[in-house]
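Q: One-letter residues, chain by chain:
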Amino acid sequence: MPMNGEPIVRVQNLHKWFGLLHVLRGISLEVRPQEVVVIIGRSGSGKSTFLRCINLLEEPTSGRVEVDGVVVEAADGGLKPECRSRVRDLRLKTGMVFQEFNVFPHKTVLENVIEAPIIVKGVPKEQAVEKGRELLRKVGLLDKQDVHPIRLSGGQKQRVAIARALAMEPKVMLFDEPTSALDPELIGEVLAVMKDLAREGTTMIIVTHEMGFAHEVADRVIYMEGGVIVEEGPPDQIFTCPRDPRTCQFLARIIESGRLV
Amino acid sequence: MEVACSQPSSQLDPDLAVGLALVRKARRTRLIETLKVGTVWIALLILLTLGLLQLRFDPQYVFKHAGFVLQGAWTTIWVSVVSILIASVLALFGALGRLSRNPIAQGISSFYISVIRGTPLLIQIYLIYHGLPQLGQQLKALGYPELARLLTLDAFQAGVLALSLNYGAYMTEIFRAGLQAVGHGQYEAAAALGMTRWQTLRHVILPQAIRIIIPDVGNQFIAMQKDSALVSVMGVWEITFRANRLARKDAKFVEMLLVAAALYWILTVVSSWLQSRLEKRMAHAYER
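Chains as they are written, first to last, in the working numbering: chain A, 1 to 261; chain B, 1001 to 1288.
It should be emphasised that the hints constitute simulated quantities derived from the structure, not laboratory data. The reader is advised that the hints may include incorrect statements.
Simulated restraints, written as ranges between beta carbons of each label pair [stated by the list, open to error]: (1) 153/A x 1198/B: 29 to 35 Å; (2) 19/A x 1013/B: 52 to 58 Å; (3) 7/A x 1198/B: 32 to 38 Å; (4) 28/A x 1119/B: 57 to 63 Å; (5) 30/A x 1219/B: 53 to 59 Å; (6) 1015/B x 124/A: 52 to 58 Å.
Covered stretches of chain A (chain B as the covering partner; in silico rule of three or more C-beta atoms under 8 Å from a C-beta of chain B) [to be verified]: (7) 88 to 97; (8) 157 to 170; (9) 206 to 218.
With a straight-line cut-off of 25 Å between C-alpha atoms, the simulated SDA-like cross-links for lysine to any residue are [what the hints assert, rightly or not]: (10) 131/A x 195/A; (11) 125/A x 1273/B; (12) 125/A x 1198/B; (13) 144/A x 1198/B.
Don't be surprised by glycine CBs; every beta carbon is placed ideally from N, CA and C.
Only chain A is shown next, with the shape it has when bound in the complex (with noise of 0.2 Å):
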């Protein structure tokens, strides 16, 4: 995969607090365009919690994001008061995929497409339409275009979130486990769709348990564990030797209940 330039993303020493639960314990990590980083880890060692920080759907604590220039920063428990103002700035820079899809129920597939476009950056409809269509070209749906999501499977309804969040043109896609709320034979389409999205460029965060998946697209891996990166390297490396203990236990168990391919 081609990555060139100055890195796209940057964290620097993110903390979150949830109560007294210390989840974020200084990360740091950058990400360079056209490069796709997979963290993976057990539930609970935060790397959701690190994704929503980065479009700040959670708040962190403490620590600085930017991304492609936006930069915002907490300190003292919440974001700087300068800050605040920079928050959909820095949201419209990312596009963000769910666990649970959250696809708009009350809108069709189209109009969940071209929602956003046209009422945050105020794309002319003609236009946004023709968009959205060839994104749902994209994602293997434009026959859907005229439904309602309730007539969907999980993994057409992952497909339309997909769509939705490229629709918006951000420069870096945050995948949160995208494909844990799908029926097994349903994954595979979603994970399809993802490949595509990496072989095209895309800058994307992926937080995911697919370990084949993580091994075949991922430039970079990253484990985490207790609110901290424990190690990051090639997915070759990572999966094959990697140099951490806590690394090695993991994947361990991963092999012995047979996810990994």
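Put chain B on the given structure of chain A with help from the hints.
A: Chain B alone, transformed into the frame defined by chain A:
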């Protein structure tokens, strides 16, 4: 009934005939039960009428003057419709205030709800109709005649204002629950797409919340039609006022008040029917 009719004939289940027979039988049983209950209703009504006639109930008077009371039905409906609309707007803002993190919005909203729910509707009506003009007089004396005029409402305006304020407070809880029933994921998805709070509310949350809220607002509307009888104390010419007027004049209390009661009853039955139809339509709103 749609179940049977909408089956595409191309993929008929061989057991379909059995299923259809079962459905038909169940439907017939249900119909017979409804007819039995209906018969009891009719019997009760006949008994009641016979009893009243024994006690010198005057049906002639009822036939002659029912029209006069009936004319008040339009006023009752009009007062209720206007009030429920204003109350819904108040309830929406009340709910947004309650859910807001802004202490001023929260304070205003909770104060409003607490005061209104803690006092009788009748007192609120008197305060608005008689109390406000009194304050207006003082303001006039202090040199603010425009404000004074603003505070002096006619009976209709005062009635609508009282009902709107009162129901708005009660309906705040309905709206709050409706807004909260929309999943947290919807708020997050909208935020992640860069929508402002207002855009999220307007385009994502409200359209979904309305579906949850509508049936409860319907119930409130039905209740309000009956509570609107209270505005008769100010002399709004609605059902109760008209019935009462004749009842006092000719000492025909049973006759006229029963006419009024019957009209409210009919209004309620019709409204409930409309509401159930609306609910059924909304249940299919997302299916296309």
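Q: Hint by hint, note whether the structure agrees.
A: Cross-check of the supplied hints:
1. 153/A x 1198/B: 29 to 35 Å: Cβ of residue 153/A to Cβ of residue 1198/B: about 33 Å, so the range 29 to 35 Å holds.
2. 19/A x 1013/B: 52 to 58 Å: About 56 Å separates the Cβ atoms of residue 19/A and residue 1013/B, which means 52 to 58 Å holds.
3. 7/A x 1198/B: 32 to 38 Å: holds (34 Å)
4. 28/A x 1119/B: 57 to 63 Å: Holds, since residue 28/A and residue 1119/B (Cβ atoms, about 59 Å apart) stay within the stated range.
5. 30/A x 1219/B: 53 to 59 Å: holds (57 Å)
6. 1015/B x 124/A: 52 to 58 Å: holds (54 Å)
7. 88 to 97: holds (count 6)
8. 157 to 170: holds (count 4)
9. 206 to 218: violated (count 0)
10. 131/A x 195/A: Between residue 131/A and residue 195/A the Cα gap is close to 21 Å, so the pair holds against 25 Å.
11. 125/A x 1273/B: violated (40 Å)
12. 125/A x 1198/B: Roughly 20 Å between the alpha carbons, so the hint for residue 125/A and residue 1198/B holds.
13. 144/A x 1198/B: Between residue 144/A and residue 1198/B the Cα gap is close to 29 Å, so the pair fails against 25 Å, i.e. violated.
Checked against the numbered hints listed earlier, the structure breaks hints 9, 11, 13; every other hint is satisfied.
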